[in-house]
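A.B. asks: Residue-level listing of the chains:
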Amino acid sequence: MRIAVVGVQGDVEEHVLATKAAMKKLGIDGEVIATRRSGVVAKSDGVIIPGGESTTISRLIFRDSIADEILEVANQGKPVMGTCAGLILLSKCGDELVERTNTKLLKLLDAKIKRNAFGRQRESFQVPLHFKGIGEIEAVFIRAPVIVEVGKDVDVLATFEDYIVAAKQNNILGLAFHPELTEDTRVHEYFLKMSEI
Amino acid sequence: MELEKLRFGTELIKRGFAKMQKGGVIMDVTNAEQAGIAEDAGAVAVMALHKVPADIRQAGGVARMADPKIIQEIMDAVTIPVMAKVRIGHVAEARALEALGVDMIDESEVLTPADVFFHIDKRKFVIPFVCGARSLGEAVRRIWEGAAMVRTKGEAGTGNVVEAVKHMRLMNKAIAELQEMEGARVFSVAERYAQAYCKLANSVREEMGLSKIGKNDVVYEEYSLGEIVEGLYKVLLEVREMGRLPVVNFAAGGIATPADAAFMMQLGADGVFVGSGIFKSSNPPEYARAIVEAVQHYDEPEVVAEVSKGIGEAMKGLDVFQLSEEERLQYRGL
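So the protein sequences, as listed, match chains A and B.
Numbering (my numbering) for the first sequence: 10 to 206.
Numbering (my numbering) for the second sequence: 31 to 364.
No lab work stands behind these hints, which were simulated from the structure alone.
Treat the hints with care, as some may be off.
Within a straight-line C-alpha distance of at most 27 Å, the following computed DSSO-like cross-link-like pairs (lysine-lysine) qualify [claimed, not checked]:
{"id": "1", "chain 1": "B", "residue 1": "K35", "chain 2": "A", "residue 2": "K141"}
{"id": "2", "chain 1": "A", "residue 1": "K101", "chain 2": "A", "residue 2": "K202"}
{"id": "3", "chain 1": "A", "residue 1": "K29", "chain 2": "A", "residue 2": "K52"}
{"id": "4", "chain 1": "A", "residue 1": "K123", "chain 2": "B", "residue 2": "K35"}
{"id": "5", "chain 1": "A", "residue 1": "K87", "chain 2": "A", "residue 2": "K121"}
{"id": "6", "chain 1": "B", "residue 1": "K264", "chain 2": "B", "residue 2": "K203"}
Some residues of chain A that are not near chain B, with every Cβ distance over 10 Å (derived) [stated by the list, open to error]:
{"id": "7", "residue": "M10"}
{"id": "8", "residue": "K34"}
{"id": "9", "residue": "R46"}
{"id": "10", "residue": "D54"}
{"id": "11", "residue": "D77"}
{"id": "12", "residue": "A94"}
{"id": "13", "residue": "C102"}
{"id": "14", "residue": "G128"}
{"id": "15", "residue": "S133"}
{"id": "16", "residue": "G144"}
{"id": "17", "residue": "V165"}
The beta carbon of each residue, even a glycine, is placed where N, CA and C say it ideally should be.
Model the full assembly from the supplied sequences, consistent with the hints where possible.
C.D. replies: The following block contains the structure:
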């Protein structure tokens, strides 16, 4: 199994390490490659879009062919996960902040997101949440977006207050928080198992 | 929801914020319009300033925290994080910026230091801090004080990359040395690094004719010298284990061109700050975009060449070696 982490900007290394640790736990023989160039995503069995600045990552992946490659991999039914900025990019529709900054989206997850939903960095927080199919996890929200609306094919996996913070639509997994920042690899294991179905 | 389980400003959250900036370019801006140009070019964050370092240098006098009105206007203008600078050791400026809600505070040698003895105890803040460092010793002290991000000091406002290169090399070499060391040797490095916290206590005692301080004496905030040594030792062990700083490490201070930015990435920087380099160039939007691309493709010379074509003139710059020691900002805050 080969997992590509979109490496143009953000906490790429953290996803690489978390995915490798998850593979080890599941006994999967595979490799995890961070990539800033075209050609790698297209040849992978799954893709992760990390946290970072959604405006920056969007500009860089749409300037190269990486965005097209993610769409191609997703259309083949292979799993694609986005965390925080990655969730924004996966979503079908954004709020006025997304529009104001002309941020292009991949539109793979039938969800409407709201950027910086809790405020600025001062309002960033961590909290234990129930994640459907996993149990309780410590979720780290950093200037996080949330999902405010989902389509009927979307499975809600975790909520916080009135917001959806984790959702899955077939092979697409979007999270508002950062499982890659904690030592707990269960979300990455969940993602890897998505490719087996 | 059980609100007592909700936690703000933890080390994980502060260091996590810095990690989201990796692979990015953080640009100095002085007004909302420049902030918009930076965001459009793909900056991951902006540093809100009253003047860019080159102008601070030229103006002379005391450089202080920017007018909160300017910072607020910039915060309202862009969706990316906004950082702002405070003087070294100036706790009240830092509290004011925290109240304003900036996303990260730069405790910066570019402004005139407010405290010749100490840096801010950054653990006491909810907002993450970035601090400059010229060496591993400075970096380890800042990390122990709670900095979520470190950057080279370089020599700000010169457009001359030589000092940023020097500081990155000094840090890399020191980390390589550290990796060859056994625990006891690392501990003696920690003792040495801790001496910087003793300046105040030592000078008072010397004047009073007292003996030098011991490990149980409180020397900085509520910490005794012994506790500081232990703290620095723990950070050093982490550095040795990881083979790098345990926090995000950016390059700053003199980066003026796309090739400068690519070079700093090749030396191991996690990203770059560009101060005067963008808005002192002849074509800021083009320069900003080119530097963002050069950072992303730092190991692809053909891309660096391509983005550097016809983008106009870089900032004029200064020869660092012509500056006197007082004119060099990097000697501020050790």
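A.B. asks: Next step is simple, just say for each hint if it's right about the structure.
C.D. replies: Do the hints match the structure? See the list:
{"no.": "1", "hint": "K35(B) - K141(A)", "verdict": "holds (19 Å)"}
{"no.": "2", "hint": "K101(A) - K202(A)", "verdict": "holds (24 Å)"}
{"no.": "3", "hint": "K29(A) - K52(A)", "verdict": "holds (18 Å)"}
{"no.": "4", "hint": "K123(A) - K35(B)", "verdict": "holds (24 Å)"}
{"no.": "5", "hint": "K87(A) - K121(A)", "verdict": "holds (22 Å)"}
{"no.": "6", "hint": "K264(B) - K203(B)", "verdict": "holds (19 Å)"}
{"no.": "7", "hint": "M10", "verdict": "holds (25 Å)"}
{"no.": "8", "hint": "K34", "verdict": "holds (21 Å)"}
{"no.": "9", "hint": "R46", "verdict": "violated (8 Å)"}
{"no.": "10", "hint": "D54", "verdict": "holds (24 Å)"}
{"no.": "11", "hint": "D77", "verdict": "holds (17 Å)"}
{"no.": "12", "hint": "A94", "verdict": "violated (7 Å)"}
{"no.": "13", "hint": "C102", "verdict": "holds (16 Å)"}
{"no.": "14", "hint": "G128", "verdict": "violated (8 Å)"}
{"no.": "15", "hint": "S133", "verdict": "violated (5 Å)"}
{"no.": "16", "hint": "G144", "verdict": "holds (15 Å)"}
{"no.": "17", "hint": "V165", "verdict": "holds (16 Å)"}
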